[in-house]
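Following the hints, put chain G in place on chain A, whose structure we already have.
Number of protein chains: 2
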Amino acid sequence: MAAPGTSESPGQSGSHSLGFDVLGRDAQTRARRGRLRTAHGTVETPAFMPVGTYGAVKAMAPWEIEDLGSEMILSNAYHLELRPGSRQIARLGGLHRFMGWNGSILTDSGGFQIFSLKSLRKVDESGVEFKSHVDGSRHQFRPEDVIEVQENLGVDVAMVLDECVAGDASEAEVAEALARTTRWAKRARAARSRTDQHVFAIVQGGLNLRLREQSAAELADLGFDGYAVGGLSVGEDRQATYEVANHTVGLLPEERPRYLMGVGTPEELVQYTAMGFDLFDCVLPTRNARNGMAFTSEGRLTIKNATHREDTAPLDPSCSCPCCGRFTRAYLRHLFVTNEMLAARALTTHNLHFYLNRMSRLRTALDEGRFAQEAASFLIATGGLETRAPEAGGS
Amino acid sequence: MAAPGTSESPGQSGSHSLGFDVLGRDAQTRARRGRLRTAHGTVETPAFMPVGTYGAVKAMAPWEIEDLGSEMILSNAYHLELRPGSRQIARLGGLHRFMGWNGSILTDSGGFQIFSLKSLRKVDESGVEFKSHVDGSRHQFRPEDVIEVQENLGVDVAMVLDECVAGDASEAEVAEALARTTRWAKRARAARSRTDQHVFAIVQGGLNLRLREQSAAELADLGFDGYAVGGLSVGEDRQATYEVANHTVGLLPEERPRYLMGVGTPEELVQYTAMGFDLFDCVLPTRNARNGMAFTSEGRLTIKNATHREDTAPLDPSCSCPCCGRFTRAYLRHLFVTNEMLAARALTTHNLHFYLNRMSRLRTALDEGRFAQEAASFLIATGGLETRAPEAGGS
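Protein chains in written order, with the numbering used here: chain A, 147 to 541; chain G, 147 to 541.
Next up, chain A with everything else stripped away, as it sits in the complex (with noise of 0.2 Å):
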């Protein structure tokens, strides 16, 4: 491991003590341990954070998130905005308070969400006009707006407002939507008034390296407490997501946190992890869950399958879960095909708990050497026969 780094975000106040720490580096990969620090509490990277779009992971309790050791989790400023609206959450004490969880809670802005919305929104130089999905009530999110509606949430790490292109748009609009993010992520950073809140700027680009170093480079000019990059994880082949992201990843600067959107699987924590990103999101363990499917250390299980009627073993015989300590395969099949929420419950916790532990695997091995050893095992056990599943996009 190399000598650890620090740096301290901008306009930060020194009681907070906001920032982000390198605490190592692995000799072999681009992997490193670090060691995010926010108004709530500390981070350690890298990490996974389970998705609770609407303030509430979904099928779990606040109390079982954080004794799955999870210290963040994802919410999104655009759903959140339209239910309850983040005023109100500001009234009744902010995003933590409201949801009863004291971790620390990056929110992405919505971005995503609001250009998935296709012919309900409308888009110029301003920002993004939209139709609600819920009730149609029009409303505008301009770059400010989005620092502001996070800065009445109240969260730790707030996401600029980017624009997001069609995964068959051509060279041209995304090197515009490109140049507009950038002019929206300047905005964004002069609308900050919170001095306990990191915000992240998001790398676009498409599938264009050069169109992506030019992004990185412009977001890294301006200054931000950390770098995601976005619109990757879409739909597109997962070999060009991986390059994307391999190309991209060394533009960033090296001193903040790296957030790589959406992704992934248990095998792409590994990977990207190597790469060197220090956090990921993904609905993948808990929406998979509620669909009936366990990732486990001997690979995927489908819990609905007959083979599970009368098998007795746990989802997975090396997890020490809550739901593989009590409960067979062939109950939470039962579960399951009487659609009992309960099966929702175990296979999330038990999801969860697979992709929080990983992450917690590879930090130690970080810790001690021994990271290249820990990903290789993690890599061969599954036989790294797992595909991107259709449904990993969005939240």
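Just so you know, not all the hints are guaranteed correct.
Where chains are identical, the list cannot tell them apart; a pair therefore holds if satisfied intra-copy or between any two copies.
Simulated crosslink set (SDA-like; lysine to any residue; CA at most 25 Å straight-line) [unchecked claim]:
#1 K277 / Q259
#2 K450 / N485
#3 K450 / R340
#4 K450 / M439
#5 K264 / P463
#6 K264 / H279
#7 K277 / T484
#8 K450 / L238
#9 K332 / L397
#10 K450 / R237
The set of hints was computed from the structure by calculation and includes no laboratory data.
Computed from a predicted structure; not experimentally measured.
Just chain G, lined up with the frame of chain A:
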């Protein structure tokens, strides 16, 4: 309090020490404090049993039911025989092991559910034939089969198969069903092979007090480990329920546990405990929770009401449950409006805590010779204004 009485169940081996002890009697009402001894421990009575029809209390994990202090839950032999099948559960080690619940279990025979199928069933002296509501497959439940199913499940209390009649049945029809229920109870009794299981008979007779007397006398003559009052709380007028239950409870053997099936509201639990019943079950706390209704010390609360939009109070300020310790009404309303599973979880936890805590307080009051005062305080607190919700029947 009067001197305690103890009874051993017939045909039980000493090693299990199954039985029911009347620990004390209230001086002012017919309420009694008891203890049901089962193969899985003791159940302090009067007790409310959370309903877990398919082998899971909806929205809850078994460790949460334990934490709430419940010692016995109710499940349903009919539903478990259809899915996944009692023989399969037997091969998997019995219902307790299957569902990861170490406390006691009572199963309803499913008579009520089968007779609710109406066009799907055919009844004669041998038993009842019906088509599964799940897949249309044909099944026969004779009184002996229902004992076998519950012995396969390995539950602590099995209920006999009873013939249920519609609310508008003639006196002749009610009398005929009652007589058959007695004959079936005799056959069920003869079919028993396990000595580690209580079997309770079910008194029928509709709203006719003379027929209730006949049913109670015939079943008491046969000799069962406990007696339930069935065919009530199925849509009839609340006053009628009260009068029939009040008349019937005095006809049941004093030294055996008395179970009032499908009852009731929190007020009814108090009233029927005062009447001398020992066991209760009802879907109200769990089903109403999923519909957004909470029972509180100040009365009922509908969480989706706009008045709770910015309400920072817990569901019940005087409640010590995990939900009230962490969540505001404003957050619970948001969870309910956005269809988050956590809404059902939190309200179910709270409502079950409310029911179980109330029974615990009644037991303590009985122990301390102040039952009447405690009962009165409950009934006064809510003004006795609560009426039965239409969804109270069934499971």
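Against the structure, the hints come out as follows:
Proximity of K277 and Q259 under a CA criterion of 25 Å is satisfied intra-copy only: 12 Å inside one chain copy versus 47 Å between copies. With identical chains, the CA atoms of K450 and N485 are at most 25 Å apart both within one copy (11 Å) and between copies (24 Å). In this assembly of identical chains, the alpha carbons of K450 and R340 never lie at most 25 Å apart, being 48 Å within a copy and 33 Å across copies at closest. In the homo-oligomer, the alpha carbons of K450 and M439 lie at most 25 Å apart inside one protomer (9 Å), although the nearest pairing across protomers, at 32 Å, exceeds that limit.
Taking the closest pair of Cα atoms, K264 and P463 never come within 25 Å of each other, the shortest separation being 45 Å inside a single copy and 45 Å across copies. Taking CA atoms no more than 25 Å apart as the test, K264 paired with H279 passes inside one copy only; the shortest distance there is 11 Å, against 43 Å between copies. For the identical chains of this complex, K277 and T484 are inter-copy neighbours only, at 18 Å across copies versus 37 Å inside a copy, given an alpha-carbon limit of 25 Å. Proximity of K450 and L238 under a CA criterion of 25 Å is satisfied inter-copy only: 17 Å between copies versus 42 Å inside one chain copy.
Only within a single protomer do K332 and L397 lie at most 25 Å apart by alpha-carbon distance; the minimum there is 19 Å, versus 82 Å between protomers. Taking the closest pair of Cα atoms, K450 and R237 come within 25 Å of each other only across two copies (19 Å); inside a single copy the shortest separation is 44 Å, beyond that limit.
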